[in-house]
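K.L.:
Between the sequences and the hints, there should be enough to build the whole structure, so can you do that?
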Amino acid sequence: MHIPDGYLGPQTYAILDVAIIPIWGIAASKVKKSLKTRQVPLMALGAAFSFVIMMFNVPVIGGSTGHAVGATLIAVLLGPWAAVISVSIALVVQALLFGDGGITAIGANCFNMAVVMPFVGYYTYRLIAGDGARLARKVAASGVASYLAIVAASIVAGVELGIQPLIAHTASGQPLYAPYPLTVAVPAMALEHLFFFGWVEAIVTMGVVAALGRQDSALLAMKPAARPLRWLWAGLGGLVLLTPIGVLAPGTAWGEWSAGEMGSRVGFVPEGMSKVGGLWSAAIPDYAPAFIKNPLVGYLVAAVVGSALIIALAWGVAAFLTRGAADDPAELTAV
Amino acid sequence: MTGEHDIAPARQARIRRPSLAHRTAWGIGRNIAEVLANEELAARQGFLQRIEPRVRLLAVLLFAVTASLLHSPWSLAAMLALAATLAAASQVRVRSFMRKVWGSAGIFVILLAAPAATRLVTPGRVLVSLGALSLTVPGVLGAVTLVLRVVAAAGIALLIVWTMRWNDLLSALSQLRLPDVIVATLAMAQKQIVSLMRTVEQIHLARESRTLSAGTTAENRDWVIGRMAFVVHKSVRTADEVYDAMLARGFDGTMRLLPRDRGRARDWFYLLAALTFCAAMMALDRGALR
Amino acid sequence: MTQPNGGSVDLSRAHAHAADFVLSGVCQQYRPGVPSLVDIDLTIGCGEHLVIAGANGSGKSTLLKLLDGLVFPSAGTLTAFGAPLTEAALEDPVFRREFRSRVGFVFQEADVQLFCSNAFDELAFGPLQLGLPPDEVRERVAEVAHSLRIEKLLDRAPYTLSGGEKKRVAIGSVLTMRPHVLLMDEPTNALDPRSQVWFLEVLDEWKRNGDSVIISTHDLTVAEEIADRMIVLDEGHRVVAEGTPDEVLSQRELLLKVNLIHEHAHRHAGSGRTHTHPHAHM
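Chains as they are written, first to last, in the working numbering: chain E, 22 to 356; chain Z, 1071 to 1360; chain Y, 18 to 299.
Simulated from the structure, these hints should not be mistaken for laboratory data. Do not take every clue at face value.
What the hints assert, rightly or not - List time: in silico DSS-like cross-link candidates among lysine-lysine, alpha-carbon distance up to 30 Å: (1) Lys82/Y to Lys54/E; (2) Lys1304/Z to Lys51/E; (3) Lys1304/Z to Lys53/E; (4) Lys224/Y to Lys169/Y; (5) Lys54/E to Lys1304/Z; (6) Lys224/Y to Lys82/Y; (7) Lys82/Y to Lys274/Y; (8) Lys82/Y to Lys1304/Z; (9) Lys53/E to Lys82/Y.
P.N.:
In structure tokens form, the structure reads like this:
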């Protein structure tokens, strides 16, 4: 999701360029304080790893590009602030030494991939892995966390691109920068990562975590949380409980119109929608399982089932990857 | 940006063209040869290479920002022309410059912008009537501007790429007072990147050779994962040793670099010239649109 | 390291009197239950050339790292130049600078040691970290590059160098700090025959300068050539022999037991007879 130069107007990139600088400063001081300088070679390694992973990118029409990043992996191993530095370095090197990704857009790219990703990934990981020692759980947690993190980052990138037509256009409506509105940019970026790059990111992350767990667990030993993360679980539970409120909001979310709604709103149905709209029959259409009549309960069930499915899937892959490894990583001794 | 340099005949012989095997759908963006070629180019005694890195960085930033502020296709084209001129002055052939810039960033943005020129995305006065895909005036203008801006920006970025070495970036950033931890990490990342890329290349090549034999997909996948695990493990071990080596030579957290390429007055004059040029472009741009 | 009266230890005075290193009852383990050194008593004098011999895994590298303050004993005491060498001691910037400039470490793998973007920076890194002014740094780099004949390599990135060139740059990167004690971990391992000869010549020259050299190796010819004194570590991580190279190398059973030499039936060219005698393959 590198955004090259020219796609973002100065109103957008300037804010992010300015905002990223204190973030770097804070990251540097946090790393120095809590991790000491031993992390420098490891951060360099993280930067290199992120750099190499990001080379494998594919253009995304309507957005920018799609690729895995590795930010969650680094955040899990070295902490989110160290990941800020590592991924930022990879991005800056790409932009200034290899011409990938924009120069004015460095702030935006770093914000998406070096700030949003590591933090979403890190805290999701802590939430799911907890303080438990079992490797399979850690691997699963890293998979879910990295998946969610990259999707979150892609959405933020999509928003940055999508607001360009809104905020920067001439009087005649000519868009000055990225021409696609939110309704196109956000789904384009999000879907590509939901369906493809998110999985790549998750698999890479889980693979490396499993590999490290099999051979050398020192890196995976996390410091216990300063505050218990139970509140995060409570938060997630609360969010799940609150999903039925959506039923109360009238109408349909902006951009999520079905073909029928599209027709009545705009007067015609874009050809693409009518062709593709019928292809996929969701298992739980409209978030309402057929046999549950009460829409509120239906929403709840859908939310729970959805979350459970994602976690279960990650667990399955994790179990597969760690088959044969010792359950308790502390038993692994590598001299 | 992928692809090989088409620079000068003498150089072509040395740069190994990435074989088809390398250009998999997901693309190995760069191979080692290109990295080394970058170093070679940056070592040439061209116009840009001789300017202090800090000034170069600031100037390029200035150009990039200016390009983002220009609205008229004409002024953007002028920026692109400037970039090409500077490239030529720095011993880079204009033809390869243009090919590189239009060939990757250019093609991609054209593909991206094309739908935006139509009525579907950008409504407005119709220019060319094609039914639902009619080209509208604001759509076409927007697309053309975007393409030119992106290509001009890519050209400017390329100027840095082909004249900046790792050390230059390092010294520029440390002189611009980036925190020590970041400079130290950047200093060390180059070595790690090269060694990782080499390993990825080897894994890729080895996997190709294995597909000739009758390995099952499960075996191949296990092998690749095993190789990756080994690489990760070894890299982490090496990182620990590298830290010991740094300690042994007195590293204590701060990164001290030799002040190199002390800026001459002439370099700052170039920066002033760049500033003037950009101001002129802005004025022209506003004028052209009026 | 501050003394009770508040002054810092002056290592230059200490150097003149005490031995370079004194280890007493030193044990070390990387992880609980996995010892790497057991009960080491050792005194290393000024200007001494010591070889630490042992099979792989006997703890040679760990001993060297101990001497360089990169790892610390889990039991026993270790002093360097008369002052205790502990983690706390090295946190004092004055002591750290003194210590690091006196003791240089050449790692087994040159790659580990070369982390800068070009050879010049490698050579300059140490002196710069010591806080020397830029002119002196440049002077030292030029001097060392000349004596190691690597002037042409200064502009090159380390990953473009051959194995032997990397080794020279690695050694150079330590020499620019002008250490009095050189620790070298298996220095001849990756060297081709010609480079090995060159290396032994370099060691000879250092001997003439009066610098201490402590080398870990399983290559017994190096021990023969350059050591004043030799110790042997066994696979139980203890010192099992100590003395001049002649004394130690004549103890055939011991060397066999610690896996430094082996016997197998072989034939010498031209003799037509098959026999066995202890030897090492170089």
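K.L.:
All hints, please: hold or fail.
P.N.:
Hint check results:
1. Lys82/Y to Lys54/E: 26 Å, holds
2. Lys1304/Z to Lys51/E: This hinted pair holds, its Cα atoms lying about 27 Å apart.
3. Lys1304/Z to Lys53/E: It holds: about 25 Å lies between the C-alpha atoms, which stays within 30 Å.
4. Lys224/Y to Lys169/Y: 27 Å, holds
5. Lys54/E to Lys1304/Z: 27 Å, holds
6. Lys224/Y to Lys82/Y: 22 Å, holds
7. Lys82/Y to Lys274/Y: 25 Å, holds
8. Lys82/Y to Lys1304/Z: 20 Å, holds
9. Lys53/E to Lys82/Y: Holds, because 24 Å separates the two Cα atoms, which is no more than 30 Å.
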